[in-house]
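Given next are the chains, with one letter for each unit.
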Amino acid sequence: MKEIKDDTVNRNRSFQTESAIIHSLASYWNLTRELTLAQIKLKDQSTILGFLWSFLNPLLLLCIIYVMFSKRFADQTEHYALYVLIGLVHYTHFANVTTAALPVFSNMRQLATQTIFPKSLLVISVLLSRTVELIITMVITMGIGFATGVQQTWALLGLPFVLFLQMLFVLWVSLLLAMLYVFVRDIFHIYQVILRLFFFMCPIFFTINFVDTIRTARVVLLINPLTHLMTYSRDIILEGQLPSINHYLLWLAVHAVLATAILMLFNRIEPRLVERA
Amino acid sequence: MDPIIRIRDLSKRFPVRQGRVSLLTMVRDSVVDRTAQSFMVDALRDVNLDIMRGEKIGVIGNNGAGKTTLLKIIAGLLRPDHGRLEVRSTVTFLAGYGIGMLDDLSVEENAILYGAIYGLRRQTVLAAMEELLSWAELTDFRNAKLKTLSSGMFARLAFSVTRYIERDLFLLDEALSAADRSFQRKCESVFAVRKEGDKTYVVATHNLSFVTQFCEKALWLHHGRCMAFGTADKVVDAYIKSNGSGPKIS
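Heads up: the sequence lines are chains W and V, in that order. Oh and the first sequence: position 64 is 64 in this note's numbering, straight run, nothing missing. Plus 1000 on top of the position in the second sequence (first one is 1) and you've got this note's numbering.
Only chain W is shown next, with the shape it has when bound in the complex:
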């Protein structure tokens, strides 16, 4: 008996015309959009405040942090409340998407194991539905900035590029977690602890200068992608400055390479994920 190799499963690749491939891509986009819309419609549907919770969550957390830390940091940081809010918006998006994407194979088991489409779309639709919240909360944050006297400049046009970078980062982390969860369910509990730790590894309520004297903490902050995403958004909204193009492109390259590599790995082991889900 011959052991199976890649070329022994011939699944109509050589028979697909260009138009068929385009049709497949169009139908995948169609499915991604419908899955995303369904998740947006269902989110907080049974709550009284509904979609408002997307913004209320970081806002309530901001109140707690402001009460606790404003005396220590507010006089060093202009617009401290807004500074914290921007950090919380980035962190909340990261935490929400990754937590929702992690058990996606288990939560949507029938869809994952009994229908034919790239299962990465399940993760991507989670990301897109939560990114709508990110965009809304970011717009509200800018509105608060405007209302509290922060001067808004043309640099705001750079914000979509920051959000795109955030999406790329969250995408590869989510894909990685969704894969790992299929093999080791304990990841769910471990990740909850990691997320709490990660909160303190991001400059949400303190500035990077605060850890200047602690070398390890400074290194951890600087290799944390969320640190740079928060800094970009703060520079744009609070200072009216665009981030350095070279710095941005470097992180874009890092996240693009990681997202592509992990997406390819995800697609490659998809049958095994389906089998184990």
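Rather than coming from a laboratory, the hints here were simulated on the basis of the structure. Among the hints, erroneous ones may be present.
[As the list claims (entries may be wrong)] Listed next, the in silico BS3-like pairs over lysine-lysine satisfying Cα-Cα at most 27 Å (straight line):
#1 V:Lys1199 - V:Lys1234
#2 V:Lys1147 - W:Lys41
#3 V:Lys1145 - W:Lys43
Computed from a prediction, not measured in an experiment: that's the story for all the values here.
Given the structure of chain W, go ahead and fit chain V onto it with the hints provided.
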């Protein structure tokens, strides 16, 4: 003419694990005997099959015969352990009706979502919505949440959407299992029209009368082995006579 599906010496085994998989059990498995906690089951063994374009094939056999595994491998959802597989078409795999539909969305919203899962564009479903709901007898329920529907209404909605799928190869797994008698008659009238069409169907089912009526050929699987493949009437007859475990006839 080349077959739309060509299968040679196809085999698939599944590990049947006893107990939960957790970090602790994974660490323990890496230290002690890896196979101690599981055993292997042959889902398919050396299956050979050629299916020509336009053929309607029924796959029959007892529970655990390997019918669903065969369909899932053809669909690309599972990879075989050994053998060769060629599929020369785009594939639709329908395992029961309503997979992916969401209880808290309306009938209309679910029709659009379910269509998207099977490659139908929003515009296509919207354009067909009136006929789609009318066939499913759900015109008055278009804005009702799915969770308020009975299982029969739910199945009718799902089947109604699948009538619009345009693919060359359909893999159906227990497609009519949830249907009541009147719904079955509606489905059978759809299949009666499709019987004359040029689409290829591979249908795994326990409904033997459906196989003899709709399919020209049948494949009988037993514990993963191909017991018979030939004219639907003969294979079904042999299956019934053997009570599911008879000798190979072709």
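For each hint, the structure was consulted:
no., hint, result
1, V:Lys1199 - V:Lys1234, "holds, 23 Å"
2, V:Lys1147 - W:Lys41, "holds, 15 Å"
3, V:Lys1145 - W:Lys43, "holds, 15 Å"
When held up to the earlier numbered hints, the structure conflicts with none and fits them all.
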